[in-house]
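Chains as they are written, first to last, in our numbering: chain A, 408 to 766; chain B, 408 to 766; chain C, 408 to 766; chain D, 408 to 766.
Keep in mind that the hints are not guaranteed to be accurate.
In this list, chains with the same sequence are indistinguishable; a pair is considered to hold if it fits within one copy or across any two.
With a Cα cut of at most 25 angstroms, we get these calculated SDA-like pairs of lysine to any residue [claimed, not checked]:
#: 1; residue 1: Lys-681; residue 2: Leu-728
#: 2; residue 1: Lys-606; residue 2: Glu-593
#: 3; residue 1: Lys-414; residue 2: His-734
#: 4; residue 1: Lys-606; residue 2: Arg-663
#: 5; residue 1: Lys-414; residue 2: Arg-762
#: 6; residue 1: Lys-681; residue 2: Tyr-554
Keep in mind that the hints were calculated from the coordinates and are not lab data. Note that the structure is a prediction, hence the values are computed from the model and not measured.
There are 4 protein chains.
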Amino acid sequence: MGNTIGKIFRLTTFGESHGAAIGGVIDGMPSGVEIDIDAVQRQLDRRRPGQSSITTGRNEGDRVQVLSGLFEGRTTGTPIGFIIENSNQRSGDYDNMRDVFRPSHADYTYTEKYGIRDHRGGGRSSARETAARVVAGAMARQVLSHYGIGTYAYTSQVGDICVDKDYRRYNPTEIDNNIVRCPDAEAARQMIELIEQVKRDGDTIGGVITGVITGVPVGLGEPVFDKLHAALGAAMLSINAAKGFEYGLGFDFANRRGSEVADNFGIAADGSIKVETNYSGGIQGGISNGEDIYFRVAFKPVATLLRDVATVNSRGESVTLKARGRHDPCVLPRAVPIVEAMSAIVILDFLLQNRCTRL
Amino acid sequence: MGNTIGKIFRLTTFGESHGAAIGGVIDGMPSGVEIDIDAVQRQLDRRRPGQSSITTGRNEGDRVQVLSGLFEGRTTGTPIGFIIENSNQRSGDYDNMRDVFRPSHADYTYTEKYGIRDHRGGGRSSARETAARVVAGAMARQVLSHYGIGTYAYTSQVGDICVDKDYRRYNPTEIDNNIVRCPDAEAARQMIELIEQVKRDGDTIGGVITGVITGVPVGLGEPVFDKLHAALGAAMLSINAAKGFEYGLGFDFANRRGSEVADNFGIAADGSIKVETNYSGGIQGGISNGEDIYFRVAFKPVATLLRDVATVNSRGESVTLKARGRHDPCVLPRAVPIVEAMSAIVILDFLLQNRCTRL
Amino acid sequence: MGNTIGKIFRLTTFGESHGAAIGGVIDGMPSGVEIDIDAVQRQLDRRRPGQSSITTGRNEGDRVQVLSGLFEGRTTGTPIGFIIENSNQRSGDYDNMRDVFRPSHADYTYTEKYGIRDHRGGGRSSARETAARVVAGAMARQVLSHYGIGTYAYTSQVGDICVDKDYRRYNPTEIDNNIVRCPDAEAARQMIELIEQVKRDGDTIGGVITGVITGVPVGLGEPVFDKLHAALGAAMLSINAAKGFEYGLGFDFANRRGSEVADNFGIAADGSIKVETNYSGGIQGGISNGEDIYFRVAFKPVATLLRDVATVNSRGESVTLKARGRHDPCVLPRAVPIVEAMSAIVILDFLLQNRCTRL
Amino acid sequence: MGNTIGKIFRLTTFGESHGAAIGGVIDGMPSGVEIDIDAVQRQLDRRRPGQSSITTGRNEGDRVQVLSGLFEGRTTGTPIGFIIENSNQRSGDYDNMRDVFRPSHADYTYTEKYGIRDHRGGGRSSARETAARVVAGAMARQVLSHYGIGTYAYTSQVGDICVDKDYRRYNPTEIDNNIVRCPDAEAARQMIELIEQVKRDGDTIGGVITGVITGVPVGLGEPVFDKLHAALGAAMLSINAAKGFEYGLGFDFANRRGSEVADNFGIAADGSIKVETNYSGGIQGGISNGEDIYFRVAFKPVATLLRDVATVNSRGESVTLKARGRHDPCVLPRAVPIVEAMSAIVILDFLLQNRCTRL
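Using the sequences plus the hints, can you model the full thing?
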């Protein structure tokens, strides 16, 4: 269970890292949307392994094939099924892991839960699954663009290298100027240097991604349990290696007084009502207020180290896991398009839900 | 929409702050559970206004009335409907807010979304709704106790007063020893002092609650979108004023190397497999691993200040909102039982879901 | 589980026949709808026991109390919680049924499923639950009336007394002209006579209700599993004692050739496209085509006889159940408003879903 | 929307008749089930076109390819994605239908709903989608066999040729002895003769399929809206061309007295409680009572005739649709495995749901 997200715009994914293919089904896609498959593929390319010196050496082509739901280039309102064939798998790399539980991975929990596990490349627990989300997210973004809604994300922290928390200081067009996807050129240089050092050490490093959603109309989000930020938070936390989520001032609110962080209303030149600040992060009472939505997602360092690791196997024996496989020293650069995709998926779902609000 | 949480164990809530009553319906409660209504009421009493000098002066009795689903003291497997009548409302306190948008409240977003708003006491956006969650959570905890699962939470930060992040240093039986619900007596003293100062200033203050879930068996949580921490995160973020969620090391992972924070496996004296550390927070790959689950929830300062506030009304006119009503200078003490309730609701739902995992 | 219906417009019900109250929560009600509570009560009155000589002698007032979701007479978009207190219960009538399984009732299945059962008046399995549906349905109808959609139903068969299958021969305003709710006066007379005879015999009798939905726009219903008639069918079959559902020609299609029953298209005077016949019953490919939707629901005779009945108890002993309680000799007259209510609930849900169809 | 069925065991399907492929995703499949793919393929073969002289001349191979969720022949508890490539399509056959609305098809309703339609072979409204259900159903049946639960169905009426309504008179092993899938050899002969005559006439004919589910334990089904028969009914009505559903005595109950059709309890030789008759059809109060579940599904004649048909196009012009394509004169023989599949899907879902019933 649990392989579907959304209420109206719904994505169901399937597939293991080393199976025949991964893929997904999008149900609830509005009809009449022209879909640019090349743009979808470009997002996949931003997520794919092997794209730079600081990502895994695996080199997967990751071509999306759309099987249904489009007719003459437009959505028909019927489900969009798609697959991405698995290739360049080196399942043999995982033979020694069949019965072994890698530390801080899902090997142990999957085995205990299901009594059986596809150990090759992490099976279903592999972040490879997120490729399907990127496909769906890329399509959702194309829908959102019709409503003037945009989503972007960037690497804002790697280890102890952080950029300013105020996203407005950075230009989203500069995110892809470097391979770590940080719009602050100097911080990016330092992050890359750090990741390369970590990689040389056979180690990995954590970080933070900042996400921003612009152009959201007032009114998205549903009380009580489906507050917009609760759904966004769940979507972000469902990304592999995510360990924390905050929006607006987030944890910094804990040490603030109400009088300091009230988003006071003012009256704009055109007479419209406008908040003067946006400490709330674009969401009040769980509902978007028309301001930018911004949030931060914490990622732990990748659990797979390129070192020999002492661990146990399913028979409770101590074993040493020899360093193998091809892994990322830092997930952040490749997680940026995933965060963007999840933003788009959530926002589109609530945009559609909100059509049902009034008589 | 959005007033239901859960897949198997499902809570639907209803009710406005100043309507006739609030309440809820629990569907999916297993049959045959002896329910101690007094214990439910005790949890409600921990949440109720007017319980101490640092909570709001409103004094609501908040008696739960169970209307269905129990027979001779036991659950029958049919839905448990319950209500809590609203009383001690002073709706007149809100007459001046009918058309006014209080800063950082949901007044504006609800009005824009629905075109109509029950302005009295915040209406549906009031934290009063959480009383229904406390009822359901208290019943869920009674079910969980049959499986050796416990949940507790405590105030771990108010303003700049923080306790150690390691929850194992504190004794859960000491949480209710003070009115701020912090198990560190000295920190509690300082927190209370700070809240009293803030209250005198007509201001409010934010903070952090730490939640802990013990005795969780291996295997709860569903890939991919319903990872245990994603659902827990959504549940916590759905609490009024919550702005951030992290589990395990959370945001601290960002500045850690994989080699430092791997939860290595060892072999216990009885030959069983055991992780030696618990940086992961009891969840790996979205599935519980049998260790304690621990997490932190950030709360913003209450938006309602006991000061005159300059704001606007729905006609776009500048108005001054005179200080009125009775509000909490800090939500943390009363949010502790809500965090516990949401933990129990989520864990019970996944415990039941997990029954469907294997042939 | 299973106490909620709908995707957008969702009704959750609770309550046992002899508990404190029954009730429900409507989530997804659009905001801004003026609700006429008296009109809701009138529908409840059409369903209530004791309304005529051919219904049960129980005389329940059945007053609906709305607890939330309305503000100054209009819906606010937040959940509508409501209760109907149970009164005039004579639980003592059921003391002898505590351990006894009445034939063709749910006594045995509930006991085996849950291990516990509220035996008083059928508990949760009582048709009393449908009062909550009538409340929700009456509100849904008030929403639908804004879109020109109407629902009505009538008794079309009792025992061997049938009216013509063509609903167009009858005037909906004549349905409530008689106590059996059949718009054919002569058939109604015979049905009433039959029911009175059956009642004198301490027996019960089955029948059929025809439902009609008018003014439905083209496009309601979702492929593949949520075809409009599949959802309507499920809703009708969920009514107590319902045993069959058909729409359009229904089972009569089995003996027809395609050439006989094709709904050919023609061109109306105003140039619009119009089907010339409506064998399909207003639904093609699971989606409404703008014609009247009509369907038939079969009801079995009430299982409770006013005779001594030989049966068994939970210890597997033969027992005789003495005739007691107050029951309907025929459910049809009181089921008419329930069928209407379920129609309205389903159609409103799909009307709202359909808002999400297009870009 | 609407392309998913089930709560725990969930099938989502996708695909158009003339797209690249159709397929589905099964979520909630229990882990550890050995899956016999050949047995799945055999069910697909029973549904496939071109299998006999009384089905369509289209000859689709319909090979299922499983892409995920199986590891070394067993289910892993992760989603099972599968596809069936479309081949032997003659999309050109449909060129003349691009703007034409075929009578009693979904052409008009899809166009009006979505504003766009894949006209080739009926697109998403094609019964080709049911191949995905047969795959999922065949897997569900393999799970059910571990619990001693079986499902079968057969053609019980074609036009005016009917078999006895009592399913116990027929041997399920004889169903596939003839191409119409009727276990009464003489009736089968007449049905085939009738279908061949109808085919020669360029016409089509309706009928009824009887479904039976054996070995169902007591307790499946959920009150109130998810009664077992309501879910079964919805599942059956969601099959293309289905127009009616009844279970137990169904519509025949309408003309019966309660005293005639009570399923009285008796005590079996081994002291267990047993109903003596099964008018109820194995379900009481929406919950299985341990007896055989039996039901009937009415199918209309296929709408596509092999004759020239006068109809209209989307511009409101009268056109003549020349007879083309390859269609079934009667859907019943190929619908038998679909009815069986839907039975298995529904029963498995409720079997899993029922695991959550008790403490």
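Checked hints:
| no. | hint | verdict |
| --- | --- | --- |
| 1 | Lys-681 - Leu-728 | between (58 angstroms within a copy, 17 angstroms between copies) |
| 2 | Lys-606 - Glu-593 | within (20 angstroms within a copy, 44 angstroms between copies) |
| 3 | Lys-414 - His-734 | neither (34 angstroms within a copy, 35 angstroms between copies) |
| 4 | Lys-606 - Arg-663 | between (39 angstroms within a copy, 14 angstroms between copies) |
| 5 | Lys-414 - Arg-762 | both (13 angstroms within a copy, 14 angstroms between copies) |
| 6 | Lys-681 - Tyr-554 | within (20 angstroms within a copy, 35 angstroms between copies) |
Checked against the numbered hints above, the structure violates only hint 3.
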